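Got chain A sorted already, so can you dock chain B onto it with the hints?
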Amino acid sequence: MNEPHNKVSISPVGENKPRIDAREKVTGAAIFADDLQFGSALLHARIKRSPHPHALIKKVDVSKARALPGVKAVVTGEDFPGYIGLYLQDRYIFCRDRVRYIGDPVAGVAAISEEIAHQAVELIEVEYEVLPPVLDPEFGASAQAPLLHPDLAKYVVANFIFPEGGTNISNHFKIRKGNVEEAWGQCAAVIERKYHVPHIQHVPIEPHVATARVDETGEITLWGSSQSPFAQRNLIAQSMGISQSKMRVIAPFVGGGFGCKAGVSMEALAVAIASQVKGRPVKLLLTREEEFYTAFVRQGLTAYFKIGCDEKGRLLAMENKFYWDGGAYTEYGVNITRASGYSSSGPYEVPNIKTDSYCVYTNHPVGGPMRGFGMPEMHAGLEQCIDELAHAIGMDAVEFRRRNCLKTGSVLVTGSQMHPTGLPQCIEKAAEAIGWGWKAAPSAPNKRRGKGLALMWKAPAMPPNAGSSAWVELAEDGSVSVGVGGQDIGQGVFTVAAQMAAAALGVPYESVRVATPVDTRYSPYEWQTVASRLTWSMGNAIVNAARDARQQILKTVSEAWEESPNDLDIVNGVVISFKTEREIPLKNLVIYGLPKPDGQGWRGGPVVGRGSFMPTYVTGLDAETGQGERAVVHYTTGAQAVELEIDLETGRIEILKGVSAFDVGKAINPELVKAQMEGGFVQGMSSALFESLQLRNGAVQNPSFVDYRIATAVDAPKDLQAYIIEVPQDDGPWGARGIGEHSMVPTIPAIANAIYDAVGVRLDGPPFTAEKVYLAMVDAGIIQ
Amino acid sequence: MTFHQINLTVNGEAEQVVVASNVTLMRMLRENLALTGVKNGCSAGECGACTVLMNGEPVNSCMVLAVECEGAEIITVEGLAKDHQLDPLQSALINEGGVQCGFCTPGVLMSARALLNRNPQPGEDQIREALVGNLCRCTGYTRIVEGIQAAAAISAAGGRP
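Chains A and B, in that order, are what the protein sequence lines are. Letter by letter, the first sequence follows residues 122 to 905 in our numbering. Letter by letter, the second sequence follows residues 8 to 168 in our numbering.
Think of the hints as simulated: they come from the structure by calculation, not from any bench. None of the values given here were measured: they were computed from a predicted structure. Note that CB positions come from ideal geometry on N, CA and C, so glycine has one too. It cannot be assumed that every hint is accurate.
Going by beta-carbon spacing under 7 angstroms, a handful of chain A positions derived as facing chain B [stated by the list, open to error]:
(1) GLY135
(2) PRO139
(3) VAL147
(4) THR148
(5) GLY376
(6) VAL882
Next comes chain A alone, as it looks inside the complex (with noise of 0.2 angstroms):
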């Protein structure tokens, strides 16, 4: 565990400290980035996008748009050979050759204003051959499906991911463990079932927006919404062929993220475009339309399971078919499937398994990272399969669970041993709160009442080596400055980076700044704000780099009074002697350090406490059976309970009381750890009831919010509660583990099995909408 021991303990870790951006966004002062001001410089982007989910461009003609007068650049697929995409270089900047989905963007222009620049966009003109598409994994994956990317093959891509080229197969991940063809004969209870889980949008309520300028150089400049600055600056400076150095990203608040905003999705497009218009910045702000269908949307996923217990409830084996819908790029979307099939036992410990996870082009939106990461949407069936395996054996699913759930020292899917875990206490805790095992009456004489619960793991999914940095500086009043490169998008990062440096270094709360916009000229490296990793990584080095910052301030003082630094402290500012008992504050000191008796000269100079983290223990898996060593640094666990009532006169489901339980490792601000479970409940819930990308020929027919519904206030729960479990995480500042993203990965499994508990009926997957569970009712004879 990453712990500095001060000898005083005056910390602020563990205490619920104020937002410290709360008061600019309460007052309207918080700067995003489409409120940046350019002046009158400004020229504003759109995109001409095909129209068709698979066809061959022929011919590009945009002579009509750049006569067009106020048009200052036209770009098309000509102007940008270069490849671009995270784990797997499989798109273009403005496609060349071929779209393969609808709104794949062919042309760009900018304008000196946002009409002229949509009525440049319809001078395009585009002649296509059109293709017949792929619409569903399954069949993508077959010998008979068009070829999406013939080039697969030869895409540049990460040693982890595993191609196969002349398919639509861009990623398949297996696990070998056990023998489960053996296994079966010794089940007692079988549960075999497919699941279909909708693509869904992560719908931030800040829509993406990008600006940038180039200038005569050829250095780039980015402001965007980004929850990746670092990776954008690498990535399109690679596809453009230019130096990293060379290209800056900045990025102000975030107005939600969860992950669409992650990697490069349309950044590359405002930078394209501004390269032929030097010196004026050109802005790219999607419409909520756009949002739905251009930007990166949560894949689908065809899932089958196979899971088998003996007699005693003790899980057996279990054999898993992932079919997920990738899209027509998936650059990111293969760690997904990598992510899916490593975490596929879920969280229990089962001898015998085999899991196939393939990622499959699609000509459907570009699917990629959201919030889960592919958890939420396999969890969805696993969690179902194991309530309807405990009813089988009759075993309550609660107790189920207790047997089976991993515990410190199990043996993982990969081979490798859990650390330690609260799972188990997270289960007491949902299923006490939830009151599990007793069931209130219900409301009104039409509705019926049920419980559910469900189980979760989830690790960060990235490089084994995605590093962090920071860097601490003090001003002359002794006040602190953090650089971080991790982004706040709401999770409060920067509240906790600020708590951590303070509780290292030895300051108060209130004495720390962050130092913001993350700019890519000036702060530290940081992979990516993803993988709910930043408290976990990011605090490792902002630990470190606060260490170095004492030391550094300890040497000088120690050297002043001829005392060892062993006896010296800093508490709240000020560095103190436990031997003799001498103060001196940090202001001042931290810039000119101290004069030597008698004019001899001083020592000291100004601080800068560097630090950097990076993993240095993970391990690959065999590409054939997913065995290995360590695969991940670390899997948070938890337990969400819901209580829900069914109107059986119209199927609607009202959620009563949402439980969550997760373990942490250590809460550094437990009322933002709650926070981050309520949001998640929600948003889980909103899946779990509403959301699903309409898709037909390729086309998202529901791309607003009047047709794509997402849970307002009073479709959430009144009664939300969380819970925090603390069993430390031993290379996590303070024992801390990340909680962002997992609070939504039950949700839906946890709500299904909870309207088996009250009505009896399964649905295929979600959203369980009213009509679809009126529907179900019906034909399960419940009502007429």
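Chain B only, in chain A's frame:
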């Protein structure tokens, strides 16, 4: 395209603005008056991020044309605090943890201010109803509702209305 000169009051100050006939109140506030606390979430009147008070009533400023605002009195989130003293709603939202990414926050605050102006002591159901037009993707709404309840309690105890 025709241009119009509009006289109106924004956050207590008289303003005179020249705008094109197709410019919305949202764009005028953001682009002509630099009140970027008014957020653009959908430009279609569906998310509520651009909510302002127009003559005391909450409106989606993306659905109001600037030319409709002749003589109107507009309050935006920037006008809630007086002399650096936060509105009780702003303080309560901070204290109760009702802020995450902050993008829906200005609109939520304006809807809540309108609610408390017409009903100083709303029940939980009334608060949730008043927020139906303000989408929030981060908080799950609980802490926003608690913040509004706390602000109502402060106002009842003699705090600034």
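The hints, checked one at a time:
1. GLY135: 16 angstroms, violated
2. PRO139: Result: holds, 6 angstroms to nearest chain B Cβ.
3. VAL147: 4 angstroms, holds
4. THR148: 6 angstroms, holds
5. GLY376: With Cβ-Cβ at 3 angstroms, under 7 angstroms, it holds.
6. VAL882: Nearest chain B Cβ about 27 angstroms off; hint violated.
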